[in-house]
Structure formats: structure tokens, C-alpha cells
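Protein chains in written order, with UniProt numbering: chain X, 1 to 270; chain Y, 1 to 270.
In case anyone wonders, no lab produced these hints; they're calculated from the structure.
Model, not experiment: these values are computed from the prediction.
Accuracy of the hints is not assured; some may be wrong.
As the list claims (entries may be wrong) - Simulated coverage check for chain Y against chain X, where a stretch passes if three residues somewhere in it have a Cβ under 8 Å from a Cβ of chain X:
(1) 99-106
(2) 109-123
(3) 146-155
(4) 160-169
We treat Cβ as the ideally placed atom computed from N, Cα and C, and that holds for glycine.
There are 2 protein chains.
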Amino acid sequence: MAKKIGPQFIVHPKFVLKETEASTKPLSSGDKEKDRANVQRLSGLIGVQQQMLYAGHKHKVLVVLQGMDTSGKDGTVNDVFAAVNPQGIRISNFKGPTAIELAHDYLWRVHAQVPVAGEIAVFNRSHYEDVLITRVHDWIDDKECQRRYRQINDFERMLWETGTVVLKFFLHISKAEQKSRLQSRIDDPNKHWKFDPQDLAERKFWDAYQTRYQEVLRATSTLHAPWYVVPADSKTHRNLVVANVVLETLQKLKLKFPDPKPELKNLKFD
Amino acid sequence: MAKKIGPQFIVHPKFVLKETEASTKPLSSGDKEKDRANVQRLSGLIGVQQQMLYAGHKHKVLVVLQGMDTSGKDGTVNDVFAAVNPQGIRISNFKGPTAIELAHDYLWRVHAQVPVAGEIAVFNRSHYEDVLITRVHDWIDDKECQRRYRQINDFERMLWETGTVVLKFFLHISKAEQKSRLQSRIDDPNKHWKFDPQDLAERKFWDAYQTRYQEVLRATSTLHAPWYVVPADSKTHRNLVVANVVLETLQKLKLKFPDPKPELKNLKFD
Chain X
1 MAKKIGPQFI VHPKFVLKET EASTKPLSSG DKEKDRANVQ RLSGLIGVQQ
51 QMLYAGHKHK VLVVLQGMDT SGKDGTVNDV FAAVNPQGIR ISNFKGPTAI
101 ELAHDYLWRV HAQVPVAGEI AVFNRSHYED VLITRVHDWI DDKECQRRYR
151 QINDFERMLW ETGTVVLKFF LHISKAEQKS RLQSRIDDPN KHWKFDPQDL
201 AERKFWDAYQ TRYQEVLRAT STLHAPWYVV PADSKTHRNL VVANVVLETL
251 QKLKLKFPDP KPELKNLKFD
Chain Y
1 MAKKIGPQFI VHPKFVLKET EASTKPLSSG DKEKDRANVQ RLSGLIGVQQ
51 QMLYAGHKHK VLVVLQGMDT SGKDGTVNDV FAAVNPQGIR ISNFKGPTAI
101 ELAHDYLWRV HAQVPVAGEI AVFNRSHYED VLITRVHDWI DDKECQRRYR
151 QINDFERMLW ETGTVVLKFF LHISKAEQKS RLQSRIDDPN KHWKFDPQDL
201 AERKFWDAYQ TRYQEVLRAT STLHAPWYVV PADSKTHRNL VVANVVLETL
251 QKLKLKFPDP KPELKNLKFD
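Build out the structure end to end from the sequences listed, making use of the hints.
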């Protein structure tokens, strides 16, 4: 396999979140059609890896997707995992917590949805909302937030130690790109269902979110559960990064189909 | 309130598990009938505390019961929580894990059953089986066991930090007392349903279990989730200890009914 693509996107402790990087395309060939074909090819390879993951029933894979509204979490699921057998993948959407969820610790609902052996689980939003929107709006103070970073790191380490590969992607878009995407949701009647006036209210807190994201990414990017920052103003480039990292990670597991059974060769039956 | 009864039973880091202590009765008045009446009285007071816990919907209480076969886990639930409204208490039995449970990390099934706000949850056996039976039979090695101690401590600390009071009881019986209880399950046809031949097989590992229990109790008795060792050869004494500790713990929460609403005083309705 060629040089690893993923590491350049991993968050380190002194990482700075720069708005200008949202529109960069380090993985692009310069030709959009070629890039799209590449995403399709990678998606197909992920599908093959997933078949072996499912057959082996040993490893578990958790993919966490975070990002500002319109950053493309839904699109990433659709494009990167297009070729995966739906039987081996499970997507969990974490919206505002329900009454029963609020009556538990904030990790309760996410722990319930972690992958089983042989499965890829994707979190569309996650427990990271509990240190983002909650902190931006001062529903929790800094002390509680720091405490949650530790709890989250402990939790993810336990997942890793019990056989789960944890991959976290921050889909990084610029404020201008969000504006254009929100506008298109307003202009296109078929996208009205995706438009939530609340998104405009949250957009007012753009800067606060960026500050918080930088802190969260720094505090919770660990060896066993790294954060990847994905330049995502271009949807194709976003897919390229996520697909490459997912594929590289699966390949690192050296998955293979369980050993053939020689005794099956001459098995006779009616 | 008088001097605290609980602290004398708490496990400290150099704690030694002594078989001879299983039959001690430090809380007994010497009069069995009087002790039984006392358990009933304590159970009633726990019931009142639980009403306030339920009305306030703020705190959560988790009671973990561990002990050798026949140590009286079922009996403790029945006697100590006799006066609690079933709506505010939930008992979870953790037997051998199912296929779907085994496909997850070992904390998955216990996290799913932690108490909600206003509730007492009782674990009849628990995640501690994953460092006991598993280690006694060498299904996991020492390194993995030490790792699980840390994971368990992290998990219980998170529960405590998110508003759950965690109380853990080791119901301590002697080998002779277990023999007598197993024999009575064999002799009494109405108790046959409780007899499992597997219990005799596990009894052969008595010493190994005692060694493991001592290590587990030492490694996981923390300020936020202490272990209480309960002399339990006497069922009444066992109940006295558990009831006292549960009641003291609830009283320490200073529970009260939510403030009365003055506007209700003159409320008229048809």
C-alpha cells in the first residue's frame, strides 16, 4: 500500500482550526469527475472490507461524524458507505435528547448504540454535542466541560480496549459555504424539509462554535480515538478524505475471510 | 441522626477478606425477633426516602449486589426493599451473557440498565462477574483484569459525576454456610428450582473465588463507589447491614418533597 493519507488530517494537541482550510483540497486530482470516480472506487473497496469484517465477527468499527449544520454529515454517510451491505452498517442519529435520555447520563444513549462485532456503526452527531451546543449556550460550565472531556476519553478508551476501532471526523466548512447551503435549502422546495429556522439562530453563534470545536478536538483527539479534520467545502473532497481514512483503517486491521474448511470440498448432500 | 453505621463495613486498600467474619453480627441486638422488627422498620424508612427520591427526580441510586452462590442476593432484594413502591425501583439480573451481549463490550449491558433520575436500580450480579468468574477460570489474564478494574472505576466515576449514587455490597458467607444452604435446596422440593448443579462445580473453586473477591474489592472500592462487606451467614444480620447503609446513604442526600405550591391552596375546579 502507498503512503498513508490519513495522518495529515489528524488533530494534535496544538491544533488550530483555520476557516481558510475548509476550502482546501489536498487530495483532489484537480479533475472533479476523476475525484468522484475515485470516491466510488474507494466506496467499493470499503464494501469489500466490510464483508470480511462481517464474516470475521471480531472487530467493531465506530465512525463519529460531527460538523456545523449543512457540513454534510448525511451526504458523507450516503456517499462513502454507498457500497456497504446495509446489514453490516448501522447509522444512529443523535438529535436533541428525549426525556428518557435526559434522565440518564449523557453517554447512556450513545453507549447503547455502539457497534457489535462485525459491524460498522456511524454516529451522525454524538456525545460530542454534550460538550458543544451545551457549552456554547452555557448550559454547562467550563469545569463540567473539562470533566466530560475526561469521561469521553475514558469511554472511548474502554471501547478501543474492548475491540472497537473509533474514527472521528470533523467536517470542516466555512461560514460562507454554510450560507450558500442554507440558501439553497430555502430556494429549492424539495429541500425545505431539511431547513430548520433554528439553524439560522445557531449560525449567529458561529464563532463560539469554532472556538469550542477547536478546544474539543484538541482535548479529545487521542491515539486510540483520533479526530480527523476534513476540509469539506467541497463535497467530493470531503468524501475523498473520509473514504480514504476509513479504507486505510479497515486495511490496517488485515481483515480476511475466515479460513476455508477443506472438509466442505467433498461434502455430499441431497 | 446517630453515629454512622456504614463506614465500618467499607473496604479499604489493604482490606483482608476473612472467612471467620462471615458469621459475625456487629449490628445484632442479640435478639433475633428484635433484629427482624428493626429490618422492617428500616425498610419502611427506605420506602419513605424513595418516595421523595421519586418526587424530586434528581438523584439516581445504584445498588450492586455480589456474593457467592446462595449468599442471599435475592433475599436481600426482597427484605430490604420490601416497602419500596415497585414503580421507583428496578431490579436487573445479570446472568451469563447472551450472544448479543457478548458481541458488545462487557459494560454495555450494565450501562443500559443504570437508574434514571428518581429511581433506585439494583444489580443482582453485575459487571463484577467480568472480573470474577472470568478470572477464576482464566478466560481473561491478569493484564486484562487490571485493565477492567480501571475501566470499571472510570465507568462508576462517570456515573457518580453524572448524579448517580453507587453502593456496592459483597454478601460475605462462609463455605460451611453455603453447604448448608445448598443442602436445603436439595432437601426441600420447593427449592429445587433454585438448585443448579453448576453451583456444585463452582463451589470447587471456593478458595480461588475468595482470593479474587479480595483483589476485586480492594481494586474497585473508591470514594465515589465504595464496597461494603456484609457479614451474611445470618440473613437477618445481612439485612440489617444493607438496610442501614442504604438508609444512611439516602438520608445523606437530604431528600425532601418538592416545595409546596401556595397557588394550589385556593384552586377551584369543577
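For each hint, the structure was consulted:
A count of 5 residues in the stretch 99-106 of chain Y with a Cβ less than 8 Å from any Cβ of chain X is obtained; the coverage claim is therefore met, three being the minimum. Coverage of the stretch 109-123 of chain Y by chain X holds in this model, with 6 residues showing a Cβ closer than 8 Å to a Cβ of that chain against a need of three. For the stretch 146-155 of chain Y, the assignment as covered by chain X holds, since 4 residues bring a beta-carbon within under 8 Å of that chain's beta-carbons and 3 suffice. Counting residues of the stretch 160-169 of chain Y whose CB lies closer than 8 Å to any CB of chain X gives 4, so the stated coverage by that chain holds, three being the minimum.
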